[in-house]
Every structure is written in structure tokens, then in C-alpha cells.
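A.B. asks: This is what each chain is made of:
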Amino acid sequence: MRRFLKFKVIGFAIAAVLIAAITIISVNAAGNSGFISSALTALSKPLKSVAASVAKTFESIYGQMYKYDQLVLENDELEKQLADLEEDYREYIEISEENERLRELLNLSKRHEDFQYDTASIIQWDASNWTSTFTISKGSSNSKIAFGDCVITETGALIGYVTDVGTTSSIVVTVLDTTFSAGAIIERNGDTAIAVGDFELMKQDLMKLDYMTETTELLAGDTIVTSGKGGLLPAGLVIGDVVDVHTYNTGIGKYGTIKPAADLENIIYVTVITSFEITE
Amino acid sequence: MAKYKLPVIFIVHIIFLLTIYVLQAMVFTFLPINGIVPLLLPIAVAGIAVFEGSSRGGGYGLIAGILCDLSFNQPLAEMTVFLTLLGITLGALSETIMAKGFPSFFICCLAALVLTAFVQMFSLLFFEEVEMAILLETAFRQTVYSAIFTFPIYFIVRALGRRALT
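Going line by line, the protein sequences match chains C and W. For the first sequence, the working numbering assigns the number 674 to the initial residue and increments by one for each residue that follows. For the second sequence, the working numbering assigns the number 276 to the initial residue and increments by one for each residue that follows.
The following block holds chain W by itself, in its conformation from the complex:
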């Protein structure tokens, strides 16, 4: 039974990430608020990392990063590397000092969203010389709009985490 469980858990996680990708890349692009589209994949990676640890956080962070780069029409580098590292880091924190609950999950999601916004605006800030105030405003609105989705995603990643670790 155990040998069937691992592929099933993997498939369920992949379906979850693909669903999040479809929502981010194909649904919410038509439902922006004040021109802002929410980011859901970093929240999913943060959730998996918090509830399942660093190795799974990194593995699924890699897959989510590839999907994120595809949704942004950019080469498979920036978000692929970032979300992998994010998954590993948050997973390590969860295994050592953080409790597995909604408060730590929410804080990790906020950190993931803020860091993602910083990564995205890095080139605009240092190479395109865009004003900091405008970038920060966009980053703030993106983070706040995306943070709304931590609540529904929490229940899903918590359930996935419980199934995966039993």
C-alpha cells in the first residue's frame, strides 16, 4: 500500500499546482483589481513548505517556479530558482523553529509575496531606473490582493500535508 501512496500523493500535488497555475495565468488575468493580478503560486509553495518540509518544499517549488515563469512569458530562470530556494528555506524554518499552524503559514506567505515582488521589480529598479515609489505601490497592491487567497489555500495545503505525512 505504501508503494502506491507516494505516486498518488505526487499526482495530487501536481494537480493542485496545475490548478493554481490555471487560476493565476488564465482566470485572474481577466479579473484584475485596479489592474493588479494576484500571485497564487508563491502562496502554494509556502504552504507546501510549511506543512511538508524543506525537501518537498524545494521540489514542488521547482515545479511551481517553472509554471510561474511560463505564466509570466519569461525564460525559465528567475522564478524557477527563486521559488525553489523559497520552498527549501521556508521548509527548513518549518522543520526547526516554526510551528505548523495558520499564523506561521500566513507569515510565510506574506514573506513569499514580498520577496517575489522584490525579485520581480529588481530589474526595473536597477536597470530601467523606474521610481521606487511607483514600484513599491505596485508591490504593495500585488501583495495585499494575493494575500486574500492565503485563506482558501491554507485548508488545501494543510489537508495535503496531513495526507502526505501519514
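For reference, chain C alone in the conformation it holds in the complex:
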């Protein structure tokens, strides 16, 4: 054992000295790295590449772990900003729409200086398949609304009239309902008729212009407005446009179908005329 170890130790020492000697001699002779150095460098290059790649991977993972928390914080901050901006945008849209409504109402006020108004929102449409009514958010305790008050849009299109006044809400019958009727004038020629709700036409979102005389001239496209006769509804409110003119099955008399000017499906806010001057 001692002999073996002695031989191995001496052998390694001699090899080391020889390698060192050759390296020194080769470097000094050429001025460049000797061939042993070059060979060792060439052998170690792939190892160095692997080591560098592994080190870069670990550096990247560490970087991501460190940056992840920062990114989460930044994301939360951005989400909060986005939510604030979205809320501001919704508020802007709401204010813009209200502004538009009030402008239209101002125009209406200029045309009808005798009107006194109150505005309300629609709480609920009725669930019946046989009537066309809705409930508004104003009643006797928070407005001057009374039975029979006319309900219009901000542009002056007729929606209906109030039939029931509660403490904090009221019920409105629309122009499509079978119980609705109003004195009407054909705007083009001043001929009179009566605009009524009709059950069959209600299903098609239309109403009827009836009780015309033989001399009444009615054409598709004519605008129908309230006559104001009887004092129940103000004069000059737009009811709608004539879609078609029909003759009764008996062959005697004619009637027209009217598309209401008010878009009943999309109404959210209404204007109630609480007072007006009666003109006969």
C-alpha cells in the first residue's frame, strides 16, 4: 500500500511539472496561449456555456419572482384607476342624457309657456296582456300630479294620462290602451277625429284614428295632434303619424292606424303636465 501510494504520488507530481513546463515553453515561444491552454479552453467552453445558461435561467426566475409582486401591485392600481374612469364615464353619460332631456323640455316650454310640469321616472310596466299601463315615481305627497293629467315625453309627444294617483306613485294609461281616447286634429288640413286605443292594434304597437266625417281627408304620413277640445288634454301635442287608412268591413266609414310618436318601449323618464291654459 505504501509502495502504491508512493508511486502514484510521485507520478502525479511529475506529470504536473511536465505540463507546467510545456505550457510555459509554448506560451513564451509563440506569444499566444500555448496549445495546452488552447485545448483546455476549447474543452471548457461548452461547460462554461452551460454554466452561464443555467446562471441566466436562475437569474431570470429570481427576477420574475422579485418583479411579480411589483406587477401585482401595479395591476391593482391600474384596475382601480380603470374602475374610477368607468364610473366617471357612466356619470358623464347620465348627465349628458339628462342635459339633452332638459334642453328638449326647455324648447317645449318656449312653445307652450302656459304648461307647468313635473318629471317622473317609470317604476314598473303592468304585467297584463290586456292593458297598456305603467306606474311612475310621483304621487300626491311629492308632486302636484292629479287624476287626468297629461303625460308626455320631453319633446311633446303624447304618452297617455294619469288614471290613479297614490301617495308616492301614480298609474298612467298609455295611448295604446283600449280605454284611451282623445280629441285629435289632422295637422295638414285641420280635420277633426278621435284617437282611440284598440286591442287588436295594441298588439302591433299601433292605435286608431276613428270617428271621422265623410269629408275628412286622411292620408298615410299625416301627423295627428291633440285638438284640446273638452279641456282634458292640451292642444298641439303630437299623438303620432298615420300608417295606413282602412275602410270598415261594412264599406261605410274609414279609420286610420297611427304609430305613436312616443317610443313607449324605451321610455324611462316622463313629463306630467300638471297645469295648462284651456283653449277652445
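Hints listed in this document are in silico derivations from the structure and should not be mistaken for laboratory results. Ideal Cβ placement from N, Cα and C applies to all residues, glycine included. Careful, some of the hints might be misleading.
Looking from chain C toward chain W, a few residues come up when the C-beta cut is under 7 Å (computed) [what the hints assert, rightly or not]: (1) 798; (2) 800; (3) 803; (4) 841; (5) 844; (6) 921.
Simulated coverage check for chain W against chain C, where a stretch passes if three residues somewhere in it have a Cβ under 8 Å from a Cβ of chain C [what the hints assert, rightly or not]: (7) 334-348; (8) 355-367; (9) 393-406.
Put chain W on the given structure of chain C with help from the hints.
C.D. replies: Frame of chain C, contents of chain W only:
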């Protein structure tokens, strides 16, 4: 324990009727089919009457009738009286000649829906002189659309009936 059971059963029934009312008056008004909204409260009353008898049918029919009139924006008279009488009548039939099962429940619901449609179109037929054919068409569509909801409501009223009578 029995003295607590009755108020609990009452509260559960009220919650059930209020849920049906909200669905009828506030949800399905935005989901009409061909412009027709389903009627759910008469089905609920018919179910309670069939599975729990005439007195409860009448009592809950009264509450359902008030809710129905509120959803139709009309005075508390027409549906209040009608659904009360409907609950009493169907409950009496259930206690005497009808079996408590899905077939009799379904037939009672159909009868309730048809009679409700007739009550609703009565004034239009006799006072507004609307054509019978149009009224019948609307009544048919309303009955058929509403009848779809007898299936889910059946399981609820049956469960309520079992709890109430044990």
C-alpha cells in the same frame, strides 16, 4: 314545537308567493314571447289549494289576488276576489273528489288559467266590444305560455303541501 311550526309555514308560503309575484311582475315582463307575459300567481294558488285544501287555498288566494291586482295596476278587486274564490273551490274539490297528484294539479292549473283569462277579457268583450276571435287568441297564447311553468311550480307546492300537513 307545533306552535313555532305554523308561523314558519306561513312565512315560507308568503316568501313563495312574493317570489312568484316578482317573477311575474318584474322579470317576465321583460321576457315576453310574441308580446305575451305568463301568469304565475293563479298556478301557485291552484297548487296550494290542491295540496293543502280549501281554507289555505282561499287564504293564500286572497294574498295572491292582491299581488296580482298590484302587478296589473288595477284596483284591488277583480283578481283579489277571483283568486280567493278559485283557491276555495279548487281546495274543496281536492278535499272531496280529486286525488293529490300531478294530473289533477295540471288540470286545476289549466282551469285556473282559462278562467283567469276569461275574467280579464270580460270587460273588453262586453264593454269595449272587442272581437271575440282576437280575445280568444290572446287567451290561448297566455294560457299555453303560462302552462309551461306548472312543471317547476308543481315540485315546490307539493313540497310545501307535505311540510304543511305533517
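A.B. asks: None of the hints should be skipped; say for each whether it holds.
C.D. replies: Right, here's what the structure says about each hint:
Look at residue 798 of chain C: its Cβ gets to within about 6 Å of chain W, closer than 7 Å, so that hint holds up. Checking residue 800 of chain C against chain W by beta carbon gives a least distance of about 4 Å; that is within 7 Å, so the hint holds. Taken as an interface hint, residue 803 of chain C checks out: its beta carbon lies about 5 Å from the nearest beta carbon of chain W, inside 7 Å. Interface hint status for residue 841 of chain C: violated, as the beta-carbon distance to the closest one in chain W is roughly 14 Å, over 7 Å.
Here the hint on residue 844 of chain C is kept, as its CB sits about 5 Å from the closest CB of chain W, short of 7 Å. Against a cut-off of 7 Å between C-beta atoms, the interface hint on residue 921 of chain C is violated, since the closest Cβ of chain W lies about 13 Å away. Note: the region 334-348 of chain W has 3 residues with beta-carbon separation from chain C under 8 Å; the three-residue rule is met and the coverage holds. For the region 355-367 of chain W, the proposed coverage by chain C is not satisfied: 0 residues have a C-beta within less than 8 Å of a C-beta in that chain, short of the threshold of three.
Counting residues of the region 393-406 of chain W whose beta-carbon sits less than 8 Å from any beta-carbon of chain C gives 6, enough to reach three: the coverage restraint holds.
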